Every structure is written in structure tokens, then in C-alpha cells.
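Novice: Please model the complete structure; the sequences and the hints are all you need to start from.
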Amino acid sequence: MKILIRSNFDLLLEALRKNNYKTIGPTVRDGAIVYDEINSTSDLPIGWTDKQDAGNYRLEKRNDDALFGYVVGPQSWKKFLNPPVYKLWQADKRGHNFEIIPEKIEETKYAFIGVRPCELNAIFIQDKVFTSGEYVNKNYKLRRDNAFIVAVNCVESGGTCFCVSMNTGPKAEKGFDISLTEIVKDGHHNFLIETGSEKGEKILSEIPHRTAVQNEIDSGNELINNAAATMGRVLDTSNIKNLLLNNLDHPQWDKVAERCLSCANCTMVCPTCFCTTIEDTTDLTGEHAERWQKWDSCFTIDFSYIHGGSIRNSVKSRYRQWMTHKLATWHDQFGSSGCVGCGRCITWCPVGIDITEEVRAIKESSK
Amino acid sequence: MNPMIPNPYIIQKVKKETQDVFTVELIPAEGEQKFSFGAGQFNMLYIFGTGEVPISISGDPNKSDVLIHTTRTVGTVTKAMSKLKTGDTIGVRGPYGSTWPVKEAIGNDVVIIAGGIGLAPLRTVIYEILRERESYGRIAILYGTRTPEDILFKRELEKLKSRLDLDVQVTVDRAARGWNGNVGVVTTLIPRARFDPKNTTAMICGPEIMMKYSISELMKSGLSAEKIFLSMERNMKCGVGFCGHCQYGPEFICKDGPVFSYKKIKHLFGKREI
Ligand SMILES: Cc1cc2nc3c(=O)[nH]c(=O)nc-3n(C[C@H](O)[C@H](O)[C@H](O)COP(=O)(O)OP(=O)(O)OC[C@H]3O[C@@H](n4cnc5c(N)ncnc54)[C@H](O)[C@@H]3O)c2cc1C
Ligand code: SF4
Ligand code: SF4
Ligand code: FES
Numbered sequence: 000m001k002i003l004i005r006s007n008f009d010l011l012l013e014a015l016r017k018n019n020y021k022t023i024g025p026t027v028r029d030g031a032i033v034y035d036e037i038n039s040t041s042d043l044p045i046g047w048t049d050k051q052d053a054g055n056y057r058l059e060k061r062n063d064d065a066l067f068g069y070v071v072g073p074q075s076w077k078k079f080l081n082p083p084v085y086k087l088w089q090a091d092k093r094g095h096n097f098e099i100i101p102e103k104i105e106e107t108k109y110a111f112i113g114v115r116p117c118e119l120n121a122i123f124i125q126d127k128v129f130t131s132g133e134y135v136n137k138n139y140k141l142r143r144d145n146a147f148i149v150a151v152n153c154v155e156s157g158g159t160c161f162c163v164s165m166n167t168g169p170k171a172e173k174g175f176d177i178s179l180t181e182i183v184k185d186g187h188h189n190f191l192i193e194t195g196s197e198k199g200e201k202i203l204s205e206i207p208h209r210t211a212v213q214n215e216i217d218s219g220n221e222l223i224n225n226a227a228a229t230m231g232r233v234l235d236t237s238n239i240k241n242l243l244l245n246n247l248d249h250p251q252w253d254k255v256a257e258r259c260l261s262c263a264n265c266t267m268v269c270p271t272c273f274c275t276t277i278e279d280t281t282d283l284t285g286e287h288a289e290r291w292q293k294w295d296s297c298f299t300i301d302f303s304y305i306h307g308g309s310i311r312n313s314v315k316s317r318y319r320q321w322m323t324h325k326l327a328t329w330h331d332q333f334g335s336s337g338c339v340g341c342g343r344c345i346t347w348c349p350v351g352i353d354i355t356e357e358v359r360a361i362k363e364s365s366k
Numbered sequence: 000m001n002p003m004i005p006n007p008y009i010i011q012k013v014k015k016e017t018q019d020v021f022t023v024e025l026i027p028a029e030g031e032q033k034f035s036f037g038a039g040q041f042n043m044l045y046i047f048g049t050g051e052v053p054i055s056i057s058g059d060p061n062k063s064d065v066l067i068h069t070t071r072t073v074g075t076v077t078k079a080m081s082k083l084k085t086g087d088t089i090g091v092r093g094p095y096g097s098t099w100p101v102k103e104a105i106g107n108d109v110v111i112i113a114g115g116i117g118l119a120p121l122r123t124v125i126y127e128i129l130r131e132r133e134s135y136g137r138i139a140i141l142y143g144t145r146t147p148e149d150i151l152f153k154r155e156l157e158k159l160k161s162r163l164d165l166d167v168q169v170t171v172d173r174a175a176r177g178w179n180g181n182v183g184v185v186t187t188l189i190p191r192a193r194f195d196p197k198n199t200t201a202m203i204c205g206p207e208i209m210m211k212y213s214i215s216e217l218m219k220s221g222l223s224a225e226k227i228f229l230s231m232e233r234n235m236k237c238g239v240g241f242c243g244h245c246q247y248g249p250e251f252i253c254k255d256g257p258v259f260s261y262k263k264i265k266h267l268f269g270k271r272e273i
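Residue numbers (numbering that gives the first Met the number 0), protein chains in the order written: chain W, 0 to 366; chain U, 0 to 273.
These aren't lab readings, by the way, just hints derived from the structure by calculation.
Predicted model only: the values in this text are computed from it and were never measured.
All residues carry an ideal CB built from backbone N, CA and C; glycine is no exception.
Be aware that a few hints might be false.
For the chain U half of the interface with chain W, some residues (derived, Cβ under 8 Å), not all of them [unchecked claim]:
#: 1; residue: Thr49
#: 2; residue: Cys242
#: 3; residue: Gln246
#: 4; residue: Glu272
Specialist: Put into C-alpha cells, the structure is as follows:
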């Protein structure tokens, strides 16, 4: 285990940029922490934290200058790996016929700075969706293969977090290039640094660092353990798949549908939700057509449209699709839960619907 | 190859089957590539500037030099497709999805039950089993459609009807003058068809409600759920498991289906809004 001191943090960003990475990380914008290009440490949310609860998100000043003193914001890294909107191809008319010209896949090398352990697990989940089957999503794969991941372990937990229940945090176990644990203590501000790949080792070798001493390692572990012990939420996952699938007609679905606005926020903020739709357009001359891919949500009526009407007309059925997909059928499809316990869907629900509460309600009434 | 990029195919022939159903024959715009597919698979067909829809392949799986689709005009994209002419281009992605259990049914009696446009995907099965007629037991083809004018592949059906080694039954919902065949839903044909329920494979394609009643009729006559196969339909945007639209409980209809054994989806089938 190594130590990177706070005053050298910019050198990490510089080393990444020198290796042709575009550095993306957290930054404060419009009252929230979002992910965007960062050029130096000063772009990071220094001294900010986020207070989260069902239907509630607010930034507050910390009493220290931590760089990663918040939990997670409304965005996730899928914004870069599987962008919300992009062009797949264009078609140009040639007489009676047309020619399809694939959009060149942009070869940006991203370095993601500040990937939370739950988010890292969400990336593994999307890897399964897009790259493990018979067909591979080429755009995703290229961006993913090129990406450099700087994970940041959680030393504080948020009000809606439940990664411990989902076994996805608060410490990143694998799949990162570099992982950091931020320690602000007794007038020192350091990062415990671990490498998880050759790429990571190369970058580390280009920046000043020293070997960590035992009590620094202990401090890091203590902080992470503390985060684990103070999760804002708990989800009992025992037998959850059967619980939900055996209760498709449970009255709780009607209850939640009375509150749910079917706004799709939960699916947009969720780091694992992968659904998309396509939009075919033509210009005014009718000579030029394009196909765009866009994030979509199972909460929209059109999502399940087939000729004659939508399959999932009621809000109840759409909420049920969302939750049973996340927590039950995902296991059949991809061998894991589709939820990493990041809490975003709880925080960003305008009416504060809480996935952990919904499961509890079904569980308790089915005993 | 990027599965999201359509390949241009040229329409070689268009045939009007009924007032709202047409068949197109396609050949690749470039090269001589063969199009091999299994009975029951589908393609995503792109009509310039309008959109893309999943359509089953209705041609003979053993003829890979031409690609055949039979489509009913129902909305925006299918209407645009119906206006295309010989020489026009269609974008093709595929073939995708699972196949009918043609091999697995060898040695069995076979019951094919089609409703409306559902005969198009099942025509591939008819081609396949007739090519090796002697490998199967009795074969019943039960087809129901709205009116006598809506009967698909009329010539072919008539030819099949005249064969002694096939039991071909057609029924219509509403008869017209001059029709002296069966009237009523296709399920009424099931009890009359001759097959050994212990040794029969059934393949069904049509509206969900029709499939539901056909299944219960077949089960009544003694077929087991694992010998009944059906083709499911859901909204599809990608055809390859990326877009999430076709989910049906744990199944992706585009890649795990569209053909499923009834046994596999029994726990979902007929449930509302799944
Ligand atoms: C696996 C599969 C095989 C099919 N095979 C055939 C076939 O061989 N012949 C045939 O005539 N029809 C077939 N269909 C149905 C056909 O795809 C729809 O009729 C067609 O999509 C309707 O599109 P539209 O734009 O004309 O209708 P609209 O009602 O205008 O639909 C608008 C859009 O909704 C979606 N959509 C609408 N209906 C369906 C549907 N039933 N399934 C999936 N998406 C839909 C499409 O994206 C479509 O562009 C098949 C469907 C599936 C899923
Ligand atoms: S379902 Fe909610 S808590 Fe789970 S990963 Fe998605 S947004 Fe996070
Ligand atoms: S929950 Fe809905 S939007 Fe999210 S992946 Fe599942 S079907 Fe798609
Ligand atoms: S059609 Fe896109 S996942 Fe099945």
C-alpha cells in the first residue's frame, strides 16, 4: 500500500493526461455533484458533502477540505460508457436505393476519477449486458476497454446507501486501475493508494508516492469499516427473487402505484439501467436519414408498445417491471442483482419512493 | 461486424398476398453472400427514413440465396414497406432469435397451429418437415384467419391440402358467400385433428389469446407443456439483447425467443401486463 499526499493529487491528473486520458470526475454544478471533465484538483468538490434522503438531496459545506467528501450525485459513469444520446449511423439516398454509413466510434480514452465501489460494480453489470453475450455493443466495448478507473473507497456513507446489503461496497475489491482511500486526520490529508492493473502501476510510477505505514493503513480500514457500519438503508436480499416473483399480484404494487409518477427518474439515475430506444429521422429533402440511440425507460408507456396498444399500461405494472427486473429477473439474465445499492433511485424520486421500503412491505405481509 | 448496422438488400419481387399482406423477396445489394437462418428466426427490417421493425422470415430455410418476408400492414413502418417496389432497398439486420424445434420433433406427430399472419413464420417449418416428410408421423396444419379473403399463401395451401400425407384444415372467423369450409376459431379444429398426444410436438403462432386457447385445447387432449412451442411478440428496438424492450419476465424475446417451449414461459404466459 502506498501513500499519495494531497498536495501531489494534481500530479495524478497530470500523469493521466500525459498518457492521453481525458480526465473525468466530480464537480459542483447547479447545486449537485456531477461528472464532467476536470482539469485540476480545484475542479473537484473540495469541502463539499451531500445530504441525502428519500426525495431529498442537498449540498453542504464540510468542516474539512476533503476532495471526495460526498457520496454519489445524480449521474453515473454510464453517461460516458453508454451516452444518453448518440448517432449510430446515417443513410444517404442513391436513386432508388440508399447507402448506410456507420458513425465512426469516437476513440476517447477516459480516466474516471472517483468511481465509488458500488459504481464500479454497476460498470461490471453493464459489461455483462453489453459485452458478454453472442452480440457485443461495439461502442460500449471500445470506450470501456480504453477507460482508466480511479476508484475511491467510501469513508462515509450516504443517507440512502445500502451497498453493504448488496455486497458492492464500501471498498473496491477488484476491477480498478488505481484505488484511493482519502484520509483527512490530525492535520494530515493523504490518500492510501493501491494499484489493480499494469496500467495503474505505470501511472503510479510516474507520480511521487511513498510506502504507507501501518497506522495509515489502519486508519483507512477503520474509516471504511465505519462507512459500512453506518449505511443509511438496509435491504434484506435473502430469497428476494422468489419473494418478488411469487408476489406479482401483491396489493403493495397498487399502493406504490398510487404514489409513483412514472417519471422515469429512477431509471435515468440508476447506474445499471441500460435500456435504450432508437430514433429514425430524415431531413427535409428526404435524401438523408439518421439513426440515433437514446436512453429509454420501462416507465414510459411507449416502451412496451406493440401494434394495438402497450403491454404495460398501468403504472403498477411498470413499477413492478422495474423492481422485479432490478432485484429478481436480473439474476436469471446476468447472474447477479441489477441493484448495487447506490441509493440514487431513492434520493431522486420526486415523491420519495424507497426500493428498500417496498421490498420490506412485501416481505412483511408475506410472512 | 457491428450488429446495429443494417445491411442493404434489394427487393427482387413483391407479391400481394391479401388485401393487407404482402411478401418481399430480397437479395443482398452487394456480393453473393448466402443468408442462412433457422425456421422461426426474424430480421430487423429498416425502411429508409421511416423506421425498423422485427419481421419473421417466411421463406424456405434451405434456400439461402433469397430472403423472404411476409408482412401485414398495420402501422407506420409496415405501411411504408408495403409501398416499396422491385429494385428498392431495405436494410436488414439478422437473423436473430431462436428456432422452431424441427429437429427435436423428428419421429413425432406434428401439429402446426397458425392464426392470421402467424402462418408466415410457421411456413418455414412446413418447408422443413416436408423436405423430410418420412421422418415425421402424422402432420396436421390448422390455420385460422378472419375471412376467406384473408387466407395467406392460398395456392400453397391448396397444394398441401391435396396431399394424402397431410391433414390441412382452414377455418375463418366470418364466412363469405361461396365459402363452404370451416367457420369458427382455430381451436375448434384441434379436437378433430388426429395425433398421438404422447408423441406429438405442437407449434403455435398467432395472437396471444389464440395461443392461450390452443394450448389449453392441446393440454386437454393430453400434450405436455414441454412439447408445445409458441412464438412470442414484444416491442423490439435492437434484436440482440441491448435495448431491454422485449423483456418478458427473465426472458429477452429477441435472443431467448421468439420461439419458446410453453413449459419455459408457463409461469408468465397469460398474466396481464408482464
Ligand atoms: C419476433 C417478431 C416477429 C414478427 N414477425 C412478423 C411477420 O412475420 N409479419 C408481420 O406482419 N409482423 C410480424 N411481427 C409484428 C411486426 O413487427 C409489427 O406489426 C410491426 O412492428 C408494426 O410496426 P408499424 O410501424 O407498422 O406499426 P405501428 O403501430 O405504427 O408501430 C410503431 C412502432 O412500434 C413497434 N411495434 C409495433 N408493433 C410491434 C410488434 N407487434 N412487435 C414489435 N414491435 C412493434 C415498432 O417499433 C414500430 O415501428 C413480428 C414481431 C416480432 C416481435
Ligand atoms: S436500483 Fe436504485 S439503489 Fe439500486 S443501483 Fe439502481 S439507483 Fe442504485
Ligand atoms: S429497470 Fe427498466 S429501464 Fe432499467 S434495465 Fe430494467 S427494464 Fe430497463
Ligand atoms: S429487442 Fe432489444 S433487448 Fe430484445
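Novice: Against each hint, give a clear statement of whether it holds in the structure.
Specialist: Tested hints:
For Thr49 (chain U), the shortest C-beta to C-beta distance to chain W is roughly 7 Å, which falls under 8 Å, so the interface hint holds. Interface restraint check: Cys242 (chain U) against chain W, minimum CB-CB distance 5 Å, threshold 8 Å, status holds. About 7 Å separates the beta-carbon of Gln246 (chain U) from the nearest beta-carbon of chain W, less than 8 Å, and the hint is met. For Glu272 (chain U), the interface hint holds, since its Cβ comes within 8 Å of a Cβ in chain W; the closest pair sits about 3 Å apart.
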